[in-house]
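Dock chain S against the given chain P, drawing on the hints supplied.
Protein chains: 2
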Amino acid sequence: MQHEQKIVLNPIGYVRTVAVGDKVKDKALISQIVVRDELIDGLSGIFDYSHLFVLFYLNQITDDQRRTLQVHPRGRMDLPLTGVFAVRTMLRPNPIGLTVVELVSVEGNILTVRGLDAFDGTPVLDVKPYDRWDIVENLKVPSWWLKLQEDKKKL
Amino acid sequence: MQHEQKIVLNPIGYVRTVAVGDKVKDKALISQIVVRDELIDGLSGIFDYSHLFVLFYLNQITDDQRRTLQVHPRGRMDLPLTGVFAVRTMLRPNPIGLTVVELVSVEGNILTVRGLDAFDGTPVLDVKPYDRWDIVENLKVPSWWLKLQEDKKKL
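Sequences listed follow chains P and S, in order. Here the first sequence is numbered in our numbering, starting from 1 and rising by one per residue. Here the second sequence is numbered in our numbering, starting from 1 and rising by one per residue.
So here's chain P without its partners, still in its complex pose (with noise of 0.2 Å):
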């Protein structure tokens, strides 16, 4: 039955850092992310771009966590309980973290990159290249996300 369908997927690489903590969460961060060699070919022309986006697998959310479906943003419980699709939280269904990086440089199987914010370790999904398409004007997101950048600011 279609509902009841399981996808299983194999990481095509592996995140380096050697950040900790929430320093993988700095957007000037470099790290790396080591492509199975197999897969190699699959990089070819890659370094036209500027920008990737990167997915990857939160493999260290756990079964209860998935099960969670509103959290408040940040932790901060000023802001409103908003559910796990409003909001980039690593608690989710399916914990799959998306984020968009510069491509500093490619050497081989390796992509250096800056602004992931993933562990080392993690497995890497995907890597899509960032073109113009993904670019939205006139963008609209909470009152409280904005709030979250003005405190950062204040900081």
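Worth flagging that the hints you see were computed from the coordinates, not collected in a lab. Some hints could be false.
Note that identical chains are pooled: a pair holds if it fits in a single copy or bridges any two copies.
Heads up, simulated DSSO-like pairs for lysine-lysine below, C-alpha to C-alpha not over 30 Å straight-line [to be verified]:
1) 154 with 23
2) 23 with 6
3) 25 with 152
4) 153 with 27
5) 154 with 140
6) 154 with 25
7) 6 with 152
8) 140 with 25
9) 23 with 140
10) 6 with 147
11) 153 with 23
12) 6 with 154
13) 140 with 153
14) 6 with 140
15) 154 with 27
16) 6 with 153
17) 23 with 152
Predicted model, so just to flag it, every value in this text is computed and none were measured.
Below, chain S without anything else, positioned relative to chain P:
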């Protein structure tokens, strides 16, 4: 062993559309994402965003197609043979689609969206809000990408 890790996911819902064939690529196309009933709480607050990322599973891709590592973009032999990680082709080791859509309306467990290039019945893996951090300035794309856009304008 880490490198043998298999990742198992369950769809959070399905795509519903009347479009068939190449018509799903129309960026004005309105489709629906029918989210599983038990996940409806995960949608709260989502309408505060204008745009979403939709991650979906390209379930028509065969195992053979998953082994493809290079393609000519859009099947055009005049464009350079390019690695699958440098193109948004459906042929990739983990056939996950990623599309930015405009959120038109939300009713119960049904998201109505504009611009989702997925076939009817496609399993949806995740929905994430698009926020200001996802907008890239000073973007670089390959010259073949720009040529494709120019050729479209001529049609």
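These are the hints, each one checked on the structure:
In this assembly of identical chains, the alpha carbons of residue 154 and residue 23 lie at most 30 Å apart only when taken from the same copy (19 Å versus 48 Å across copies). Taking identical chains as interchangeable, the C-alpha atoms of residue 23 and residue 6 lie at most 30 Å apart only when they sit on different chains, with a minimum of 28 Å there against 34 Å within one chain. Taking identical chains as interchangeable, the C-alpha atoms of residue 25 and residue 152 lie at most 30 Å apart only when both belong to the same chain, with a minimum of 13 Å there against 39 Å between chains. In the homo-oligomer, the alpha carbons of residue 153 and residue 27 lie at most 30 Å apart inside one protomer (15 Å), although the nearest pairing across protomers, at 36 Å, exceeds that limit.
When the C-alpha separation of residue 154 and residue 140 is checked against a cutoff of 30 Å, the pair qualifies only within one copy, where the shortest distance is 23 Å, while the shortest distance between copies is 32 Å. For the homomeric pair residue 154 and residue 25, the shortest alpha-carbon distance inside one copy (18 Å) is at most 30 Å, but the shortest distance between copies (43 Å) is not. In this homomeric assembly, residue 6 and residue 152 never come within 30 Å of each other (Cα to Cα): the closest approach is 40 Å inside a single copy and 38 Å across copies. In this assembly of identical chains, the alpha carbons of residue 140 and residue 25 lie at most 30 Å apart whether taken from the same copy (23 Å) or from different copies (24 Å).
With identical chains, the CA atoms of residue 23 and residue 140 are at most 30 Å apart both within one copy (28 Å) and between copies (27 Å). In this homomeric assembly, residue 6 and residue 147 never come within 30 Å of each other (Cα to Cα): the closest approach is 39 Å inside a single copy and 39 Å across copies. Only within a single protomer do residue 153 and residue 23 lie at most 30 Å apart by alpha-carbon distance; the minimum there is 18 Å, versus 45 Å between protomers. With identical chains, the CA atoms of residue 6 and residue 154 are never at most 30 Å apart, being 46 Å at best within one copy and 43 Å at best between copies.
Taking the closest pair of Cα atoms, residue 140 and residue 153 come within 30 Å of each other both inside a single copy (20 Å) and across two copies (29 Å). Proximity of residue 6 and residue 140 under a CA criterion of 30 Å is satisfied in neither setting, with 34 Å inside one chain copy and 37 Å between copies. In this assembly of identical chains, residue 154 and residue 27 lie within 30 Å of each other by CA distance solely inside one copy; the values are 18 Å within and 39 Å between copies. Within a single copy, residue 6 and residue 153 get their C-alpha atoms no closer than 43 Å, and across copies no closer than 41 Å, so neither meets the 30 Å cut-off.
Proximity of residue 23 to residue 152 under the C-alpha cut-off of 30 Å is restricted to the intra-copy arrangement: shortest distance 16 Å within a copy versus 43 Å between copies.
In this structure, the earlier hints numbered 7, 10, 12, 14 and 16 are contradicted, and the remaining ones agree with it.
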